[in-house]
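J.: The task is simple: from the sequences and hints, build the whole structure.
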Amino acid sequence: MESGEINMSQPYRLRRRIIDLAVCLILCGVTLTFCFFVAYIPRSATITMDSFPFMIPVTNFYSVEEFPDRVGNYRWSSGESAISLPNPGGPITVGFIMAGGPGRTVPVRLYAQDAAYELIVTPEPRTYTFVISATWEERLSVTMTAPTFEERHRRLGVVVSDIQVDGGHTISGFLVAALLTTVLGCYILPRQIGVRIRWSVVIVSLVLCLLMVWQLSSLWYYALFVPLLWFVLGMNFVVGLFNHLRTRTEGAAILPVTPSRERIFITSFGVLVAVNVSIFTSLYLLFPRIRYLLFFEDQLIESIAAMLLLGVCLSGIVMMASFWSMALQRAIASVFASASLVGFLDEVSYGQRFFGFSTWYIYDKPVDGVHDILDILRVMPASDRMWFFLLMAVMALIVSVILWKTYVYWSHMVSFVRTRDGKLMGLFLLISLVCVILSTTIDFLRLQPGWFAFAEELLEMNVTLALLFALFSVALPRRVS
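Numbering (our numbering), first residue to last: 82 to 562.
Take every hint as true, because none was put in to throw you off.
If you anchor each label on the Cβ, the simulated ranges turn out as follows:
| no. | residue 1 | residue 2 | range |
| --- | --- | --- | --- |
| 1 | G351 | S492 | 29 to 37 Å |
| 2 | T339 | I518 | 25 to 33 Å |
| 3 | L514 | T224 | 39 to 47 Å |
| 4 | L472 | G184 | 40 to 48 Å |
| 5 | V475 | F148 | 32 to 40 Å |
| 6 | L395 | G110 | 32 to 40 Å |
| 7 | P188 | V356 | 52 to 60 Å |
| 8 | L102 | T487 | 48 to 56 Å |
| 9 | Y488 | Y93 | 49 to 57 Å |
| 10 | V294 | P228 | 40 to 48 Å |
| 11 | W280 | M407 | 24 to 32 Å |
| 12 | L519 | M407 | 28 to 36 Å |
| 13 | T127 | V356 | 52 to 60 Å |
These are computed hints drawn from the structure, not numbers from a lab.
For glycine and all other residues, C-beta sits at the position ideal for the given N, C-alpha and C.
T.: Have a look at this one:
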């Protein structure tokens with residue numbers, strides 16, 4: 082009987098896969114048609130210097146200023162400056178409004194797509210137009226160099242005002258590949274968790290409609306299309322992973338922390354921290370020539386800490402899915418996953434150096450770490466009170482939700498803290514909190530040279546170890562036979 086059921090299921094699975102394959106091919110055809118339709122429409126955008134810096138990244142430009150004798154705003158460049166422009170597709174016509182300043186005629190050299198353009202910028206604002214060949218990337222980086230002069234402790238190059246970008250009639254291959262991957266992921270992953278074909282097609286259709294609205298509206302020039310595609314695909318992957326883990330851990334029971342496991346946890350953590358501190362301190366003292374390989378940006382200690390934080394994040398996601406029916410354990414795992422993800426992104430500077438992104442500027446403050454948020458908050462009230470109060474309102478809402486949830490689950494939290502699991506987790510969290518306070522103090526006070534920078538990176542790595550042990554000190558699931 083069992084063999085008959087197996088034989089009956091094999092043709093069914095084969096027929097299902099053939100149907101899914103046919104639907105995937107149809108979706109690929111629809112997606113390519115969508116790409117050709119979007120590419121057929123010419124696109125243009127006018128970029129002003131007061132655009133959001135994290136949307137239109139600029140490097141080595143001074144603050145936005147207003148023209149005294151005309152409507153508009155501008156920025157001064159500083160020596161070698163760069164601006165990241167959106168790619169409308171096809172050969173791109175770029176028009177810069179530039180000026181050399183009162184009585185200055187300035188030779189300017191522009192670099193884009195391995196091509197150089199020589200310009201002579203006059204004192205008065207004029208539009209300088211040039212054509213850039215097509216590129217696969219969603220953004221186009223334009224670098225300009227110009228002689229500088231000193232004024233009020235600033236090295237000023239040329240005035241840069243509005244930028245006109247025109248293109249279209251084609252679409253980058255990278256964007257097409259990202260779109261195809263996302264569409265297939267939005268169909269295949271829901272199918273893997275049991276969603277019917279028609280609902281999977283509906284999901285893909287909604288995604289395509291939203292993306293079409295994005296591309297056909299003026300939002301395309303923020304060049305966030307590909308990140309949005311990866312985000313949609315990532316959300317589908319997370320949903321599929323959750324469903325898989327939940328089905329695998331159904332009927333699981335809790336494996337509590339025993340005195341022997343508690344001793345093993347504490348001893349192992351102490352040994353790891355001792356070995357960690359001893360090895361890196363010895364390397365720092367005995368080999369001065371390799372110190373920069375230890376604690377500089379993206380070097381050994383920071384890279385190890387980043388990988389550990391990523392491990393905590395992934396472990397938290399797995400445990401969150403495993404504890405899906407246990408509200409308290411699920412909440413604890415989600416907090417660990419979220420906090421470690423923020424820490425990982427901070428350690429890798431949000432991928433700017435790894436993937437070649439331009440440094441983000443918000444209110445002319447470079448943003449490559451959590452510590453930069455304090456500088457932004459100092460400037461924001463004076464620059465834009467509306468955004469400051471909106472940010473404060475959002476933060477107040479988040480804090481209110483956290484406080485309300487804490488109030489609702491307070492009795493469960495107290496009961497958990499009194500258990501051996503809660504006390505062990507609290508010990509590791511206390512250690513990580515002390516290390517975070519010391520590391521943050523060094524960072525905010527700019528105590529960077531020598532020992533302080535080394536101590537900061539070492540403390541951050543010990544924070545990741547403490548978080549890892551704290552996460553795994555939560556009661557683990559085990560299968561019930």
